[in-house]
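Asks: From just these sequences and the hints, can you work out the full model?
The listed protein sequences derive, respectively, from chains Y and R. To get the working numbering, take the position in the first sequence, counting from 1, and add 132. To get the working numbering, take the position in the second sequence, counting from 1, and add 132.
Just so you know, the hints here were simulated from the structure itself, not pulled from any lab data. Errors might be hidden in some of the hints.
Claimed, not checked - Quick look at which bits of chain Y chain R covers, simulated, 3 or more residues with Cβ under 8 angstroms: (1) 346-356; (2) 429-436; (3) 441-450.
Quick reminder that beta carbons are idealized off the backbone N, C-alpha and C, glycines included.
There are 2 protein chains.
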Amino acid sequence: MQAGATTRIGMIGTGAIGGFYGVMLARAGYDVHFLLRSEFAAVADRGLRVASEVHGALTLDPVQAYRSAADMPPCDWLLVGAKTTSNADLAPAIIQAAAAGAKVLLLQNGLDVEDELRPLLPDSLHLLGGLCLVCVHRVGPGVVAHQALGAVNIGYHSGPGRDQAERMAIVEEGAGLFRTAGIDSQAMADLQQARWQKLVWNVPYNGLSVLLGASTTPLMADDHSRGLIQALMDEVVRGARACGHQIAPGYAEYLFTMTEKMPDYWPSMYHDYSHKRPLELDAIYGRPLAAAKAAGCELPKIEALYQALAFLDRHNADGERGKHGQ
Amino acid sequence: MQAGATTRIGMIGTGAIGGFYGVMLARAGYDVHFLLRSEFAAVADRGLRVASEVHGALTLDPVQAYRSAADMPPCDWLLVGAKTTSNADLAPAIIQAAAAGAKVLLLQNGLDVEDELRPLLPDSLHLLGGLCLVCVHRVGPGVVAHQALGAVNIGYHSGPGRDQAERMAIVEEGAGLFRTAGIDSQAMADLQQARWQKLVWNVPYNGLSVLLGASTTPLMADDHSRGLIQALMDEVVRGARACGHQIAPGYAEYLFTMTEKMPDYWPSMYHDYSHKRPLELDAIYGRPLAAAKAAGCELPKIEALYQALAFLDRHNADGERGKHGQ
Chain Y
133 MQAGATTRIG
143 MIGTGAIGGF
153 YGVMLARAGY
163 DVHFLLRSEF
173 AAVADRGLRV
183 ASEVHGALTL
193 DPVQAYRSAA
203 DMPPCDWLLV
213 GAKTTSNADL
223 APAIIQAAAA
233 GAKVLLLQNG
243 LDVEDELRPL
253 LPDSLHLLGG
263 LCLVCVHRVG
273 PGVVAHQALG
283 AVNIGYHSGP
293 GRDQAERMAI
303 VEEGAGLFRT
313 AGIDSQAMAD
323 LQQARWQKLV
333 WNVPYNGLSV
343 LLGASTTPLM
353 ADDHSRGLIQ
363 ALMDEVVRGA
373 RACGHQIAPG
383 YAEYLFTMTE
393 KMPDYWPSMY
403 HDYSHKRPLE
413 LDAIYGRPLA
423 AAKAAGCELP
433 KIEALYQALA
443 FLDRHNADGE
453 RGKHGQ
Chain R
133 MQAGATTRIG
143 MIGTGAIGGF
153 YGVMLARAGY
163 DVHFLLRSEF
173 AAVADRGLRV
183 ASEVHGALTL
193 DPVQAYRSAA
203 DMPPCDWLLV
213 GAKTTSNADL
223 APAIIQAAAA
233 GAKVLLLQNG
243 LDVEDELRPL
253 LPDSLHLLGG
263 LCLVCVHRVG
273 PGVVAHQALG
283 AVNIGYHSGP
293 GRDQAERMAI
303 VEEGAGLFRT
313 AGIDSQAMAD
323 LQQARWQKLV
333 WNVPYNGLSV
343 LLGASTTPLM
353 ADDHSRGLIQ
363 ALMDEVVRGA
373 RACGHQIAPG
383 YAEYLFTMTE
393 KMPDYWPSMY
403 HDYSHKRPLE
413 LDAIYGRPLA
423 AAKAAGCELP
433 KIEALYQALA
443 FLDRHNADGE
453 RGKHGQ
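Replies: Shown next as structure tokens:
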């Protein structure tokens with residue numbers, strides 16, 4: 133299927149998320165341009181490769197790769213796959229690569245991840261959020277492993293869209309890009325709802341992978357960790373409700389069962405921790421806790437997990453666990 | 133001070149706790165006999181040594197050391213310094229070393245640690261519990277480091293003591309042994325009260341040392357871990373109250389401040405974890421949680437900590453954290 137050749141997509145941050153979706157979109161015929169930093173030379177040389185257990189071995193070569201956003205052509209859609217912890221730093225690149233009235237889509241987890249970026253962007257740019265339910269990880273420069281899933285749920289955050297109808301039309305256009313590339317995608321009427329919904333997965337699995345040094349299979353095989361996962365999911369659902377977002381009954385159970393059936397998976401936060409990168413604690417824990425608390429709702433287990441992770445994140449640069457204070 | 137030469141004390145399990153208190157009691161003139169297993173040869177050869185930052189370098193040599201309880205003379209007091217996880221296994225040794233009407237004192241943390249042992253002992257033996265607020269750890273065969281503190285709070289569990297007066301007289305006799313040895317000791321009217329009180333320290337510090345791989349100094353230096361410690365302490369106080377035990381106002385703050393002033397300390401659970409020994413999770417977490425729940429009181433942060441620790445305990449034999457499932 134070759135479609136949408138006139139839509140130009142810029143990928144800002146080509147890690148596991150950017151690499152996977154960028155290759156899928158380029159293979160569907162979109163004109164995709166990739167901004168890269170440390171992996172530029174490898175990708176310019178050998179292209180981008182996705183080893184997918186779903187779609188097979190995919191290669192994009194040559195790649196329209198750039199070291200600097202100043203060299204990119206004006207893009208209609210800018211997809212941001214970088215960490216939430218670097219959003220503010222990306223604003224100049226986003227602005228340079230944006231066509232007039234471009235749509236900026238943050239493919240990131242957590243709550244309010246647009247808030248830091250929004251004031252740095254011109255009012256003429258649309259800002260959207262996308263929640264990716266996908267098992268991908270980077271295995272080397274320009275090489276991404278895709279183990280399972282892929283769906284992207286999109287919602288409108290802010291920008292020149294004048295009313296809900298206009299905003300939903302833009303969200304539908306975004307969802308259409310992914311669907312054309314063979315990826316399930318839902319247009320969500322409420323971005324906050326979509327973000328809370330995705331937290332039902334991220335809050336337990338991201339944090340526990342770091343805290344317990346465990347991937348999904350052992351976490352789902354032990355009664356105590358299963359109980360803790362369910363309790364954390366319940367608290368996310370309660371927090372969402374307190375903030376005015378009803379998560380559908382059975383949704384948490386659906387994610388729990390889906391995770392049980394997934395191939396063994398290390399969430400991205402575990403990779404961040406093991407590479408001593410800052411953890412996305414604010415987006416995934418700090419802001420949801422604050423939002424729930426402001427609505428009068430305590431989430432004690434999530435708070436305990438957050439406090440433990442914040443300690444580990446702070447000491448991660450020191451060296452191995454078990455060496456603090458010795 | 134040489135006192136109580138007629139009181140014969142048997143030490144069952146000569147690790148850090150048994151070694152420290154045994155040496156202190158022997159130096160005070162008590163007739164102390166030590167049951168040892170793996171460390172018998174080292175202790176018979178070179179004696180017991182306590183490197184104390186409070187009392188200086190203490191040596192007990194020769195030591196009245198035994199490989200088998202069958203060889204021990206009948207003891208008036210039996211002090212058990214082994215892990216709660218092995219109490220049932222110790223019953224035969226305790227019975228062999230006990231004089232008629234002997235007092236068995238479990239120097240162990242946690243709730244209801246006497247329950248497994250009690251039915252295995254003759255009714256004629258008194259069973260008591262002692263809560264040790266002390267920073268000690270084993271540094272080698274027969275060598276114990278004592279960093280700070282030492283107080284032992286004692287209460288009566290069960291046995292032939294006919295009424296509260298008779299039971300308290302026995303508890304006072306036990307506290308007197310320690311006080312004669314220069315160790316602060318309180319006779320507690322209610323053992324459960326004393327056990328809940330000690331949990332205010334053990335629940336946060338033991339578990340977090342394992343979960344976060346951190347000793348007391350870094351745990352007390354970070355706002356997130358401090359907040360978590362305080363929240364866990366608050367939950368212990370709430371759980372105790374639900375079970376009918378009022379912990380004095382300010383007691384948790386006292387332990388918190390005391391820990392801040394202590395030398396850097398790795399709780400015993402951390403040593404158990406790093407040596408791949410079973411953790412005392414049932415005594416310190418499982419039973420308090422169950423008791424509070426039975427009284428209608430949820431302790432969510434303690435429960436989350438317990439669930440996380442139970443996962444780690446189960447997988448501890450597998451190898452290093454971060455390797456599960458790989």
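Asks: Each of the hints needs a verdict: does it hold here or not?
Replies: For each hint, the structure was consulted:
| no. | hint | in the structure |
| --- | --- | --- |
| 1 | 346-356 | holds (count 8) |
| 2 | 429-436 | holds (count 4) |
| 3 | 441-450 | holds (count 5) |
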